[in-house]
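Both chains come to you apart, so use the hints to assemble them.
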Amino acid sequence: MVKVYVPIDSTALSLGAERTAKKIMQEAQSRGVEMTLVRNGSRGLFWLEPLVEVETAQGRVAFGPVQPSDVAGLFNAEFTNALADKAKAHPLYLGLTDELAWLKKQQRLTFARVGITDPLSLEDYLAHDGYQGLKNALAMSGADIVKAVTDSGLRGRGGAAFPTGIKWNTVLNAPAEQKYVVCNADEGDSGTYSDRMIMEDDPFVLIEGMTIAGIAVGATQGYIYLRSEYPHALKTLNEAIRKANLAGYLGENILGSGHTFHLEVRRAAGAYVCGEETSLLESLEGKRGLVRFKPPLPAIEGLFGKPTIVNNVISLATVPIILDKGAQYYADYGMGRSRGTLPIQLAGNLKQTGLVELAFGATLRELLYDHGGGSASGRPIRAVQVGGPLGAYLPESQFDTPLDYEAFTKIWAVLGHGGIVAFDDSVDMANMARYAFEFCAVESCGKCTPCRIGSTRGVEVMDKIVLGKNHPQNVQLLRDLSDTMLNGSLCALGGMTPYPVLSALNHFPEDFGLSNKEAAA
Amino acid sequence: MDNTLSHEQHAQIQAHIQAHQHVPGGLMPLLHAIQDDIGYVPEAVYPEIAKALALSVAEVHGVVSFYHHFRTHPIGKHILQVCRAESCQSMGSAKLEAELKAKLGVDYHQTTADGEVTLLPVYCLGNCGCSPAVMLDDEVYGRMSTDKVTALISEVCHG
Numbered sequence: 001m002v003k004v005y006v007p008i009d010s011t012a013l014s015l016g017a018e019r020t021a022k023k024i025m026q027e028a029q030s031r032g033v034e035m036t037l038v039r040n041g042s043r044g045l046f047w048l049e050p051l052v053e054v055e056t057a058q059g060r061v062a063f064g065p066v067q068p069s070d071v072a073g074l075f076n077a078e079f080t081n082a083l084a085d086k087a088k089a090h091p092l093y094l095g096l097t098d099e100l101a102w103l104k105k106q107q108r109l110t111f112a113r114v115g116i117t118d119p120l121s122l123e124d125y126l127a128h129d130g131y132q133g134l135k136n137a138l139a140m141s142g143a144d145i146v147k148a149v150t151d152s153g154l155r156g157r158g159g160a161a162f163p164t165g166i167k168w169n170t171v172l173n174a175p176a177e178q179k180y181v182v183c184n185a186d187e188g189d190s191g192t193y194s195d196r197m198i199m200e201d202d203p204f205v206l207i208e209g210m211t212i213a214g215i216a217v218g219a220t221q222g223y224i225y226l227r228s229e230y231p232h233a234l235k236t237l238n239e240a241i242r243k244a245n246l247a248g249y250l251g252e253n254i255l256g257s258g259h260t261f262h263l264e265v266r267r268a269a270g271a272y273v274c275g276e277e278t279s280l281l282e283s284l285e286g287k288r289g290l291v292r293f294k295p296p297l298p299a300i301e302g303l304f305g306k307p308t309i310v311n312n313v314i315s316l317a318t319v320p321i322i323l324d325k326g327a328q329y330y331a332d333y334g335m336g337r338s339r340g341t342l343p344i345q346l347a348g349n350l351k352q353t354g355l356v357e358l359a360f361g362a363t364l365r366e367l368l369y370d371h372g373g374g375s376a377s378g379r380p381i382r383a384v385q386v387g388g389p390l391g392a393y394l395p396e397s398q399f400d401t402p403l404d405y406e407a408f409t410k411i412w413a414v415l416g417h418g419g420i421v422a423f424d425d426s427v428d429m430a431n432m433a434r435y436a437f438e439f440c441a442v443e444s445c446g447k448c449t450p451c452r453i454g455s456t457r458g459v460e461v462m463d464k465i466v467l468g469k470n471h472p473q474n475v476q477l478l479r480d481l482s483d484t485m486l487n488g489s490l491c492a493l494g495g496m497t498p499y500p501v502l503s504a505l506n507h508f509p510e511d512f513g514l515s516n517k518e519a520a521a
Numbered sequence: 001m002d003n004t005l006s007h008e009q010h011a012q013i014q015a016h017i018q019a020h021q022h023v024p025g026g027l028m029p030l031l032h033a034i035q036d037d038i039g040y041v042p043e044a045v046y047p048e049i050a051k052a053l054a055l056s057v058a059e060v061h062g063v064v065s066f067y068h069h070f071r072t073h074p075i076g077k078h079i080l081q082v083c084r085a086e087s088c089q090s091m092g093s094a095k096l097e098a099e100l101k102a103k104l105g106v107d108y109h110q111t112t113a114d115g116e117v118t119l120l121p122v123y124c125l126g127n128c129g130c131s132p133a134v135m136l137d138d139e140v141y142g143r144m145s146t147d148k149v150t151a152l153i154s155e156v157c158h159g
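Protein sequences, first through last, are from chains A and B. Its first residue numbered 1, the first sequence is counted upward by one per residue in the working numbering. Its first residue numbered 1, the second sequence is counted upward by one per residue in the working numbering.
It is worth saying that the hints were derived from the structure and are not from the lab. Backbone N, C-alpha and C define an ideal beta-carbon position, used for all residues, glycine too. Accuracy of the hints is not assured; some may be wrong.
Now the stretches of chain A that chain B is said to cover, found in silico as 3 or more residues with beta-carbon under 8 Å [as the list claims (entries may be wrong)]:
hint	region
1	190-198
2	339-350
The list that follows gives simulated cross-link-like pairs (lysine-lysine, PhoX-like), each with its CA atoms no further than 25 Å apart [unchecked claim]:
hint	chain 1	residue 1	chain 2	residue 2
3	B	Lys77	A	Lys235
4	A	Lys22	B	Lys95
5	A	Lys464	B	Lys77
Chain B with its partners taken away, still in its complex shape (with noise of 0.2 Å):
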């Protein structure tokens, strides 16, 4: 077992392979269960999940790494996902992620020094209508500019 997990997340994980090691097609909704409650899924529960859902260790990292969505390291406490697709790219989202990256001193995939922030790159959030539009945690932000986004990071991180 990961030693970096805790009992109760070890717990947690147990529950969730429990739960799906039946259902047909259940790595993909596992996954996301483990993920949601620990935020990622640790590459050493992988044998555990292997054999609960009788595939192999390879399966499991196969489907982990094809997905954009799934992590397998701890990331910062808040993630930011800007969009990068052709909408948000024709009100000028290729300025706004050039300045949150230079204002955040990070590049997509990494986490503020504090720990705060991870910046994700994300293809459209279907909120086309209003670009350039940006993602904090689960909530969806539209005519976003780098002022607008600076601010919702300081008011989720000290507000």
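Just chain A, same shape as in the assembly (with noise of 0.2 Å):
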């Protein structure tokens, strides 16, 4: 019987995909049309979405955007014998899904099954790939494990960009009667959905992931820690873990290797701070999600006091695909100390936004005009903000960056969790510089004073700039205000808040009703 897939991530329910699966049901039972419709993840093409796909023979055919008006016209054009004449001829039909100009440009490694499975099929998982990571795992030592995600050179995905095999290191040497492994998923910014598309599409990696990470260091329990915001992710974890539980991949005994890990869910409350890992800790206890002075580090005295591992998503989701094809495998991609691969999203005022996985060394401009095909609006692409809320906006002159945390440090950026969010020329980037500041009140856990004064008085200072008052005199508060921000913050919500700030003032001064030399004065 013939296949027909119909994603059922978060954003392509948001346009629809729901309805446009319900009408294919319904057409199918009406016309007498024998076919199974899988629910699987999203492909990432989120101009496309709800993009429907029908197995052949020579491969997966795409069809999108499907909306349920299109429905009857696909079953009038015969969609599910895709390769015939009848169907190609259909306003919709887009061809071998794998010959799509998106999909052939990208290297897609921890995003390897992501659209192309049902999420929540174990066996699915098993088929293409999955737990061959964690079966090479059983047979390696803790410090074997850690060895080759350091020798990949794997990176914290999250943002910081810590190498993940050092801080697992760290925890391994550890000795504690209790360890845990914590993923943090409390995935807050803005332009940023590759840890959902993990969670939702291919949950299986996760969990795999972080048995891996269990297995290595001696940790017996696992947490993520899931945002309040994604109940779809919520409720595909949930499942999976029970499915894994059921199978014996996950509890007591892993398949029969004597290994436990148990794993459970916790959701957040929708506190941006609780991103950062102390934060997020506090938050598991059961407490206000107040930032912790480091050192102690986590990996040292973590949860509940024990040795831990805090990772992002992405960061474990990753272990697998190491575990199972090498260190070296993974390190040959990527560019100086930027190792393996970074799944790229695309948002914001860009035609043609989604999922980009590739290996590090891509310029910001290829993204935004090759992958991205330019402005949503037809206008000129006038400011980037890359790396979420707490990144430095980018004018056109710094385009050519290619995507490399070095590369990115070195022009006062940050390339963060691999969020691009475009803006076209109505942007007015003084705005944004308030916004930063009132997000960064509204989120600030209130712990240090730079953060939880500072960031208030930043939306009173720009206010005063924005009105023209006393321009010389505000512009140098404002400077001086982001240096006690940047120097004296506890953690990277007020330390860092001042990077879309002052990278507005210094690229955009027009738009602070300044010339280039008052901004710099």
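This is how it looks when you write it as structure tokens:
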């Protein structure tokens, strides 16, 4: 029976995939067309969602975007016989999915299965190289697993880019009765959704990665700290964990190895600062999400005071392929000290948004124009924010920067979690700078003064600048305040809010009512 | 006990407290469980929570008030969250939020006069590829306009 695929990913659902799927089932029944409907993840081509695929002898054929009103027409064109001329003549026919330029240009390692499999089918997962990494890991010592992760060059994909293997090694060597693996799934950065896609579209890969982490360092309990804004991810993860437990991939005596690893999802509650690892740990302990002083590092004294691995979703979901294909296979991708691939998320004012996984090294310009197709509005792209609300705004003159942690550091910017938000020339950058302070004021945990007070003073000084009050003095005040926040804050929330603020001021002084000379003064 | 709570609601809360009192870090899951059932976390139950989890009432209050997600008062039948983050701003969310406020006759954190919809700001729904985005109850919607959101609201309220 022919298989028809309609994604169940949140973004596809947000564009009507549920109604499209229902309509396809209704039409199939009333017309007596035999088919199996599979709810897969999203391939990550969001301008084509809901993307409907049909299995053929040559691979899957795509149609999109398919609204419920298009479904009758697809059946009229006999789209389930997707290699025939009649189906090819349909206006929504896109050809073989794997041949679509968007996908052909990518190197999907972490996202290898996303959009291809049914997220909750363990059989599907196993049939697509799932749990190969765990099987290899079970035959290795903890130190060798950690060494493989270190040798792969994997760095924390949450944003801080700290070498994952070094963090694991600290936990491995910390003696303790109980250790923990915590997955930071509090993906709060605007412009990012790769964590959500992994959790909704390939949850077993995250579970496998966390299990390997637990076995490597001797941790028997894992927690996924999931943001409350992701209800679909919550349901999918809980169901996948249930299935993994039933099949012996989680719980006690995993695959007969004698290893134990329990996994539980904990819901966050809408505090951006809880994406900061120590604040997250406080929250997991049932407290206010106040940032902790470091040291001690969480790897030494983390959750409930025990040695704890805290890694982002993408970091953990990348571990299985490293253990499956080997550290060198992964390290062969990338440039400089940025090894492997980065799942990049194109967002905001772009014609073609979606998930692009590439080896490090592609330029921002390639992503914005070759992949993104330029602005959605048709107006020039004026500014791009990379790395979430604490990331710098980049002007057109910096679009040739390669996506590489060090190259971004060099231009006083951050790659962060790989989110790219494009703005056209209607953007008011003074307004965006004001918003950065406003966001910091809303989300500050309140523990340190530069962040708690500085963010509110920042909104006030921006209001004066926008009104043109006492310009030179207020711009100086803005710079002084930013300096205090940069150097005096306890964590990245207060410490990096000056990135969007000062980059907006430095690159777009005209929006602050200043000439270039005045801005620099 | 809060006399605005029914016996059934009180029993639900008691059951949740019992189920969570020995869970490590159990306060957050407990607050979620209560809010999922009752719609908010009644301040009147803080002493019971505190006692069961060996905390002070102030600590319980501190946690509830720290997190944007938790509420201490009943709200409308439906929750409309409008994303205010950068990606949605790049696609005109400022205009969308202003128009929705005018159309619903409420500001953020307020409920429409008919008690149907509570309007809340949200900072990212993870749907940044289809900005501007809103969330109505547990469903996210992309590439929204004022007309589309208005249609969604009438669908869930009267549909």
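- Broken hints, by number: 4, 5
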